[in-house]
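Model the full assembly from the supplied sequences, consistent with the hints where possible.
In order, the protein sequence lines correspond to chains A and B.
Going letter by letter, the first sequence gives residues 0 to 397 in numbering that gives the first Met the number 0.
Going letter by letter, the second sequence gives residues 0 to 397 in numbering that gives the first Met the number 0.
Among the hints, erroneous ones may be present.
One copy or any two copies: either way a pair holds, since identical chains are not told apart in the list.
Calculated lysine-lysine pairs in the DSS-like style (CA-CA distance at most 25 Å, straight line) [what the hints assert, rightly or not]: (1) Lys292 to Lys89; (2) Lys159 to Lys210; (3) Lys159 to Lys169; (4) Lys161 to Lys89; (5) Lys89 to Lys169; (6) Lys210 to Lys169; (7) Lys292 to Lys159; (8) Lys210 to Lys292; (9) Lys210 to Lys89.
No wet-lab data here; the hints were simulated from the structure.
Keep in mind it's a predicted model, so treat the numbers as computed, not measured.
2 protein chains.
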Amino acid sequence: MNTARREELAGIYRDGLLEDSLPFWLPRCVDGEHGGFLIARDRDGSLLDTDKGMWQQCRFTWLLATLHNTVEPREEWLAAARHGIEFISKHGFDADGRMWFHVTREGRPIRKRRYVFTETFGAIAHAACAKAMGDGELADKARELFSLAQRHFTTPGLAKPKYTDTRPMKGMGGPMMSLVTAQELRACLGDDSFNADIDACIEEIRRDFVKPDLECVMETVGANGEVLDHFDGRLLSPGHAIEGAWFVLNEAWHRGNDAALIELGCNMLDWMWARGWDEEHGGIFYFRDLHSKPVQEYWHDMKFWWVHNEAILATLLAHLLTGESRYEAMHRQVHDWAYAHFPDAEHGEWYGYLHRDGHVSASLKGNLWKGPFHLPRMQLLAWQWLTEEDSELPFNND
Amino acid sequence: MNTARREELAGIYRDGLLEDSLPFWLPRCVDGEHGGFLIARDRDGSLLDTDKGMWQQCRFTWLLATLHNTVEPREEWLAAARHGIEFISKHGFDADGRMWFHVTREGRPIRKRRYVFTETFGAIAHAACAKAMGDGELADKARELFSLAQRHFTTPGLAKPKYTDTRPMKGMGGPMMSLVTAQELRACLGDDSFNADIDACIEEIRRDFVKPDLECVMETVGANGEVLDHFDGRLLSPGHAIEGAWFVLNEAWHRGNDAALIELGCNMLDWMWARGWDEEHGGIFYFRDLHSKPVQEYWHDMKFWWVHNEAILATLLAHLLTGESRYEAMHRQVHDWAYAHFPDAEHGEWYGYLHRDGHVSASLKGNLWKGPFHLPRMQLLAWQWLTEEDSELPFNND
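Below you can see the structure in the form of structure tokens.
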């Protein structure tokens, strides 16, 4: 990638973050009355639902503290992060230490889930705030939430299970979320002891989910990594696997361009790009079947914003780490398709849910799952990666 | 509807049942090795998954026994119904009397759900078999399952709840499924004491879910029928409400064309047709928002087979009961759209999942939710309704 292209892209991501996606949410979504953030917004920013999803409360708090920590110290970002972590601390937790998934505007609990993804987002929110505010208690809470999530990911049946033990299964989400959470805690808390957790996660992904013989990253496998020839077992999530690929590539970079990790991450990206890219309409499918059989999930061929955010990051990092021109081409391909279809030219930010052909299916900007996270995280990281000054990236000045 | 049109339609539904949909499944899906039915089929009938969903085991068993009971006694149908009820009896039940939702080919349990819909399908399977086989024990089991389902529908929190009690909600599915199950048990067991249950269900639908001021049938309301201005509370399911409409119209007919019930059922149909019909592409949307805001569920604008089966029945019965020509026109409209898009001309039966514009999204014919039920039930009932000889239908010979 030549310097002009690097500067062009860095500008797109930086300006997109600071002048488009962030201003859509801030200060609009700050709930001055009840605390936290009102995220469920229609395309023009109007409020669709006063309920608060804890995923988004935690993720936006993480983003704000991370901007303060890594872009520049800004009182506006720090104050909003504090506003977020206060709501989370006050209303995010059940008596058993688990986090709620969904609360009312006032913070009264609606739903807790079996799965501990909320807790992983809680961990990174606390860790980033701990660094931004120099607060040891927040750091302790981050570690506690990470341990809780780890315990649930690695102890089948700890939460009341949805399935019997007739056919034990596990998902890629466990080691993937543990991996990125540990990476974030290591960075924010400055604690290299998380390396052991990171090693274990990557080893589990490599051993149980990555299948070189099938050229595939599985989303759900048997307890020992078996491929299960059922609807669930064959279901592939290219966007999720490609997100996992850049977590691995990011670790490769952190470890001085570890060749084995670069190979693992690039394989994950290559194989799932081949399975996920829609040759007819462009963009990346949501689900595919291992053997190209019909998928049971109704929205299998839709194009989701976050899949494309993660693919932009993965292809960019693969190019920066390997210098291979095909990754630059893949990055351009997914960047161009995404920027041609997802942005809302009138009201800013991105639509989240497109039909296969790229037409908007639902115009909303925020709900329990979509909020200020995947898009601004992509913009922030891609901007940072493209402008690393003393980078160890071997090919960043070619 | 003139006699020629009645005869034409009766032929389409009859032949579709006996020469198209039924032969797709029978004898193909009978599992001679492990019992029950192998339903998860691709468009050409090839097997996609050996797992067995209990909804489909129960529903196909009900259909087979009902064909034997109401079309003509056929040893083939009776034997297959017996084959089904034996698998259900042997592998369908947990120790607590609840039914499994999903089992392996051999019948080992994979998953039980909080919700008791499986048990309502179990009840009608047992009731239809009780009649076909003259078996009092099956009749007792049908009553037991109905009572169990009723208890769960009317006792919030009896199964471990998914939500806290911060904002109690209830779904249209409870009274609707109780209503049609009670109607079926009354017919099969010849027991009019189910009338009290039926009255209670219809009263609950009328009181809590049907909103004349909004011209709407709600899918989810507060515990006392409150409209909840949140994503969940605003979510409308036109197909579900229209299915409920014909359950009510069917009851009106059973009670000698009860005028109040005809009015209720026709209102439900009219209002949800107005909200559900897609003026641009034709067909009926899966979900709509009460205030036409964006819907959170990704597949909101897809066209599902069962929605159209139920709309064909509802519009037909509304016409037969009222004689109004607009219902004949609506019936023609939904019949024509459905028959232009859902049937698989090459391999028979119907696709289940179309995109908004009518193109096939997933080619499969069977999975945990789709099987030999909505389509053959529509064909059977429409054929029967159109050929009632001593009918009390006021307008069936106009």
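Each hint, compared with the structure:
no.	hint	in the structure
1	Lys292 to Lys89	neither (47 Å within a copy, 31 Å between copies)
2	Lys159 to Lys210	neither (30 Å within a copy, 38 Å between copies)
3	Lys159 to Lys169	both (15 Å within a copy, 23 Å between copies)
4	Lys161 to Lys89	between (29 Å within a copy, 22 Å between copies)
5	Lys89 to Lys169	neither (32 Å within a copy, 29 Å between copies)
6	Lys210 to Lys169	within (15 Å within a copy, 44 Å between copies)
7	Lys292 to Lys159	neither (32 Å within a copy, 35 Å between copies)
8	Lys210 to Lys292	within (18 Å within a copy, 43 Å between copies)
9	Lys210 to Lys89	neither (44 Å within a copy, 38 Å between copies)
When held up to the earlier numbered hints, the structure conflicts with 1, 2, 5, 7, 9 and fits the remainder.
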